[in-house]
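If you want the building blocks of each chain, they are given just below.
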Amino acid sequence: DTAVSQTPKYLVTQMGNDKSIKCEQNLGHDTMYWYKQDSKKFLKIMFSYNNKELIINETVPNRFSPKSPDKAHLNLHINSLELGDSAVYFCASGDTYYEQYFGPGTRLTVT
Amino acid sequence: GEDVEQSLFLSVREGDSSVINCTYTDSSSTYLYWYKQEPGAGLQLLTYIFSNMDMKQDQRLTVLLNKKDKHLSLRIADTQTGDSAIYFCAERDTDKLIFGTGTRLQVFP
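Note that the protein sequences, when read in sequence, are chains F and D. Residue numbers in the first sequence follow my numbering, run continuously in steps of one, and reach 111 at the last position. Residue numbers in the second sequence follow my numbering, run continuously in steps of one, and reach 1109 at the last position.
Chain D extracted, bound-state conformation (with noise of 0.2 Å):
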């Protein structure tokens, strides 16, 4: 099947870190990706991991990937009132993406 689950709601202070979960079950899956959408918007992609890889960086962004256990992370430094959208995670599925439930991030003062 091709599920991809995340939890629902996240609720962090400003200043403190985030990290949002998600697991996938095609192992074949070559890239996966994390969008973000805010309110009434479309999504934006933020970054995507290569299979291949364990961890990847982007200033305030860390992914962590664990091929084993089918598990994917966010991690968010320094969380800011502006990150509170809802967070998918995708996998590839030759040209389709499948995507997350999402997670929905509230950042509080």
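With the rest of the complex left out, here is chain F (with noise of 0.2 Å):
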């Protein structure tokens, strides 16, 4: 069983159009999360949702908008997408004070 799902798992896409990555969780975690890895492999944050409910939003761009149908879906939604945006996505889920479990990720591509 997959505990934490991402699809697709490669996005290949050109400057200014709008795409959007699908997590889904079968933990039954309260809380997801999104994070970016940029090319040096740097690893930061970018939202948290706990049920449903918006918890951290870490100075991302407005293009980027999370949405989270239930508690255990979070689907990213990139709009007008740049090259610096380029990276591998990570969604993640967890309890408050232990761990994460992160999904595969998804590499975007911005051509």
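Keep in mind the hints are simulated off the structure, nothing from the lab. Built from N, CA and C at the ideal position, the CB exists for glycine as well. Each hint should be verified, as a subset may be incorrect.
Unchecked claim - Computed cross-link-like contacts, EDC-like style, restricted to lysine to aspartate or glutamate with a CA-CA straight-line distance of at most 16 Å:
hint: 1; chain 1: F; residue 1: K44; chain 2: D; residue 2: D1003
hint: 2; chain 1: F; residue 1: K67; chain 2: F; residue 2: D18
hint: 3; chain 1: F; residue 1: K40; chain 2: D; residue 2: E1005
hint: 4; chain 1: F; residue 1: K40; chain 2: D; residue 2: E1038
hint: 5; chain 1: F; residue 1: K52; chain 2: F; residue 2: D30
hint: 6; chain 1: F; residue 1: K41; chain 2: D; residue 2: D1003
hint: 7; chain 1: F; residue 1: K41; chain 2: F; residue 2: D85
hint: 8; chain 1: F; residue 1: K36; chain 2: F; residue 2: E82
hint: 9; chain 1: D; residue 1: K1070; chain 2: D; residue 2: D1026
hint: 10; chain 1: F; residue 1: K41; chain 2: D; residue 2: E1005
hint: 11; chain 1: F; residue 1: K44; chain 2: D; residue 2: D1093
hint: 12; chain 1: F; residue 1: K44; chain 2: D; residue 2: D1095
hint: 13; chain 1: F; residue 1: K52; chain 2: D; residue 2: D1095
hint: 14; chain 1: F; residue 1: K40; chain 2: F; residue 2: D85
hint: 15; chain 1: F; residue 1: K44; chain 2: F; residue 2: D85
hint: 16; chain 1: F; residue 1: K44; chain 2: D; residue 2: E1005
hint: 17; chain 1: F; residue 1: K41; chain 2: D; residue 2: E1038
hint: 18; chain 1: D; residue 1: K1036; chain 2: F; residue 2: E99
hint: 19; chain 1: F; residue 1: K36; chain 2: F; residue 2: E58
hint: 20; chain 1: F; residue 1: K19; chain 2: F; residue 2: D85
hint: 21; chain 1: F; residue 1: K52; chain 2: F; residue 2: D95
hint: 22; chain 1: D; residue 1: K1070; chain 2: D; residue 2: D1093
Said to hold, decoys possible - One side only, chain F facing chain D, incomplete, derived with CB under 7 Å:
hint: 23; residue: K41
hint: 24; residue: L43
hint: 25; residue: I45
hint: 26; residue: S48
hint: 27; residue: I55
hint: 28; residue: I56
hint: 29; residue: F90
hint: 30; residue: E99
hint: 31; residue: F102
hint: 32; residue: G103
hint: 33; residue: P104
hint: 34; residue: G105
Claimed, not checked - With beta-carbon atoms standing in for the labels, derived distance ranges:
hint: 35; chain 1: D; residue 1: N1066; chain 2: F; residue 2: N62; range: 36 to 44 Å
hint: 36; chain 1: F; residue 1: T59; chain 2: D; residue 2: Q1059; range: 36 to 44 Å
hint: 37; chain 1: F; residue 1: T109; chain 2: D; residue 2: F1009; range: 24 to 32 Å
hint: 38; chain 1: D; residue 1: S1017; chain 2: F; residue 2: N79; range: 45 to 53 Å
hint: 39; chain 1: D; residue 1: T1030; chain 2: F; residue 2: T7; range: 31 to 39 Å
hint: 40; chain 1: D; residue 1: D1016; chain 2: F; residue 2: L54; range: 45 to 53 Å
Take the two lone chains, each set in its own frame, and fit them into one complex as the hints suggest.
Right, here's the structure in full:
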């Protein structure tokens, strides 16, 4: 059973397009996250949601809009894609005080 | 600030011990973590340590925490080629994790 899944695994698109990445977890966690890993492998949190409510928004451009239809899903929609958005995006879920479980990542390439 | 620093590379011979170091700045962190990332994969939690502990051992892994110096280390005994990966330390800041810069461990035969 996959704990945290993301689709698609790879996404190649042109500048200016709008795209979405989906994330689902079957661990029953209340909190889900989006992280961005850049080309130097630096990993930084973007958003977190707790039970469908936005908790953390780390000064991410407005072009990025997370959506949580229920607590098992946290999707990431990106408008007007830019070259600098190229990265690997990781979804994660966790309980409050212990561990976070990461998805396999979505490699986004903007050309 | 929230800076978690690690050395970028470590190369060891198979069978030797590896020690990966991390320094952090937030003294109020309650939990500190070590994650492993294999090529093309997500992050896998290896172990974590609560801030009131000095040491935690889990099979081949030993975590040492020096709160005074804000220094965390991960020792891997009998390093194997399958241990080759990027290792991230992370500190917990309320609901989010602050990750280190990652250490790429290369194990050669």
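Structure-based check of all given hints:
no., hint, in the structure
1, F:K44 x D:D1003, "holds, 11 Å"
2, F:K67 x F:D18, "holds, 15 Å"
3, F:K40 x D:E1005, "holds, 14 Å"
4, F:K40 x D:E1038, "holds, 15 Å"
5, F:K52 x F:D30, "holds, 8 Å"
6, F:K41 x D:D1003, "holds, 15 Å"
7, F:K41 x F:D85, "holds, 14 Å"
8, F:K36 x F:E82, "holds, 14 Å"
9, D:K1070 x D:D1026, "holds, 8 Å"
10, F:K41 x D:E1005, "holds, 13 Å"
11, F:K44 x D:D1093, "holds, 13 Å"
12, F:K44 x D:D1095, "holds, 13 Å"
13, F:K52 x D:D1095, "holds, 15 Å"
14, F:K40 x F:D85, "holds, 14 Å"
15, F:K44 x F:D85, "holds, 13 Å"
16, F:K44 x D:E1005, "holds, 14 Å"
17, F:K41 x D:E1038, "holds, 12 Å"
18, D:K1036 x F:E99, "holds, 13 Å"
19, F:K36 x F:E58, "holds, 11 Å"
20, F:K19 x F:D85, "holds, 11 Å"
21, F:K52 x F:D95, "holds, 14 Å"
22, D:K1070 x D:D1093, "holds, 15 Å"
23, K41, "holds, 5 Å"
24, L43, "holds, 4 Å"
25, I45, "holds, 5 Å"
26, S48, "holds, 6 Å"
27, I55, "holds, 6 Å"
28, I56, "holds, 6 Å"
29, F90, "holds, 6 Å"
30, E99, "holds, 5 Å"
31, F102, "holds, 4 Å"
32, G103, "holds, 6 Å"
33, P104, "holds, 5 Å"
34, G105, "holds, 5 Å"
35, D:N1066 x F:N62: 36 to 44 Å, "holds, 41 Å"
36, F:T59 x D:Q1059: 36 to 44 Å, "holds, 40 Å"
37, F:T109 x D:F1009: 24 to 32 Å, "holds, 26 Å"
38, D:S1017 x F:N79: 45 to 53 Å, "holds, 49 Å"
39, D:T1030 x F:T7: 31 to 39 Å, "holds, 34 Å"
40, D:D1016 x F:L54: 45 to 53 Å, "holds, 46 Å"
Violated hints for the displayed structure: none, as all numbered hints are satisfied.
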